[in-house]
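Assemble chain P onto chain X, guided by the hints.
If you want the building blocks of each chain, they are given just below.
Number of protein chains: 2
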Amino acid sequence: MTQPHQPIGIFDSGVGGLTVYQELKKQMPHEHFVYFGDTARVPYGTKSHDIVLRYALQNSLFLMDHNVKLIVVACNTASAVALDYLQQRLKTPVVGVIESGAAAALAVTKNKRVGVIGTEGTIKSGVYEKALKTLNPTLTCFSQATGLFVPVIEEGIFGESILQPLFTHYLANFLHKDIDTLILGCTHYPILKKQLGQFLGSGITLVDSAQTTARQVWELLNKNNLLNTQSQSTPDEIFFSDAPERVQNIARKILNNQGLVIKQGGIN
Amino acid sequence: MTQPHQPIGIFDSGVGGLTVYQELKKQMPHEHFVYFGDTARVPYGTKSHDIVLRYALQNSLFLMDHNVKLIVVACNTASAVALDYLQQRLKTPVVGVIESGAAAALAVTKNKRVGVIGTEGTIKSGVYEKALKTLNPTLTCFSQATGLFVPVIEEGIFGESILQPLFTHYLANFLHKDIDTLILGCTHYPILKKQLGQFLGSGITLVDSAQTTARQVWELLNKNNLLNTQSQSTPDEIFFSDAPERVQNIARKILNNQGLVIKQGGIN
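Residue numbers (our numbering), protein chains in the order written: chain X, 1 to 268; chain P, 1 to 268.
Any given hint might turn out to be false.
Remember, identical chains collapse to one label, so a pair may be satisfied in a single copy or spanning two.
Straight-line C-alpha distance at most 25 Å; calculated DSS-like pairs for lysine-lysine [unchecked claim]:
hint : residue 1 : residue 2
1    : Lys-193   : Lys-253
2    : Lys-177   : Lys-194
3    : Lys-130   : Lys-112
4    : Lys-112   : Lys-91
None of these hints come from the bench; they were simulated from the model.
Values in this document were obtained by computation on a predicted structure and should not be read as measured data.
Chain X extracted, bound-state conformation (with noise of 0.2 Å):
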């Protein structure tokens, strides 16, 4: 039987998702978790729908070896194309970060004209669309792959020069979509967020997931008994299938050095 004392595991395909991990750690810091990082085969987002099922669900299978109450998909194209497919194969509950991106734009629109940007994978399966309609039919969704962006930030360009015209290439029609809010459908995107934020305007408010989907998962634990109330000796575990310096320097860039241990793992 699951008892609350087992980890929440939470994977991503990279480094993005460590920043839904800081959420769920920050709103509850009695949990231990096992982070997966798919860093071997990452990106997901411009592979096809099968690829993106085998590595979702040989992830997942990872963390259940870790013994894991829960699972948190923090990659969007994963939640977009394997959320279902996890659901309905697996007996620990899983958790994606689709509806919790669209609550949260929900909970900010005032026109009711709402962008979403994500990669290719997660743009083409159209569920944040059908995500906001869900919880409000009279919503307008406007969407976009920004195929570039995790590309630019894996490889750290902040620059203007950069990336200010590949704003303009991608971004230049929300400007005139009357958008008062703007989903970030990507886990590395909110380490875009000032740029974004200076491109578009203070019209426009940006979003993204992890704080709804902390409190969607604590919801689900409380509900169901197995919120961990003794406070937590086992440090966290973070790995990466694969953990070249770069990976380990960008996840300690959004961990903010809080020396945790990254391990190597979870590769075939």
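Just chain P now, with coordinates in the frame of chain X:
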């Protein structure tokens, strides 16, 4: 015993290696080829040494399951990192693209000042510099990782507004180095040849390794009496570990719609 009728195997991290396949086919039209592009795990250029070794070995064994008489590592990153590793382990001869690229540059340079661009993995390995120095110790070599070129090409972005600042970001230094030759140290890069040429000007000759690699393969087969002199009736086989529409479209574009059958295979 190895026979002339057996196919030549080629692998790459994705679709870029098809530029090498094309040149091999052109120089050896009687040969039968099996190509494998690891699109399910692309890119290799940002991944660690150990992961590239593992993938290169898996890809080579996939080709050996197809009874190849020789393996061409069309991927510069895998050639840079894994060529010795493969040659030490596999009975089938393995040919990389680094020495060929260096030889091509040596044949062109007049002032003996050569630039190299490639992925982070290729440039970090320092193999081009080593290969150039081995060929001619008086050469001076300047290298630069150009991490975003592969994603930009795969995203299909060829507009000046994006490429110009990227070229400036990565290549402006080369314009002050007085190089007269630039090695395109990644099989994707020939796709940007025109735009790179315009940026760098006519004083710098761009070379890639496709032609010299094909020549090296011909010589190796000829020396061992393994050239196929019979006209080949079996169609070549093109495998991708992930073959979504986008991959098929880029592949057909590179191969000028030769109507080849593209198959999915070789992924664990």
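- prompt: Is the C-alpha distance from Lys-193 to Lys-253 at most 25 Å within one copy, between copies, in both cases, or in neither?
  reply: For Lys-193 and Lys-253, the Cα distance is within 25 Å only inside one copy (15 Å; across copies 36 Å).
query: How would you label the pair Lys-112, Lys-91 (within, between, both, or neither) given a Cα cut-off of 25 Å?
result: neither (37 Å within a copy, 64 Å between copies)
message: My question is about Lys-130 and Lys-112: at a cut-off of 25 Å on alpha-carbon distance, are they close within one copy, between copies, both, or neither?
response: Within one copy, since 15 Å is at most 25 Å while 60 Å is not.
- prompt: How would you label the pair Lys-177, Lys-194 (within, between, both, or neither) given a Cα cut-off of 25 Å?
  reply: within (21 Å within a copy, 36 Å between copies)
Against the hints set out earlier in the document, a violation occurs for number 4 only.
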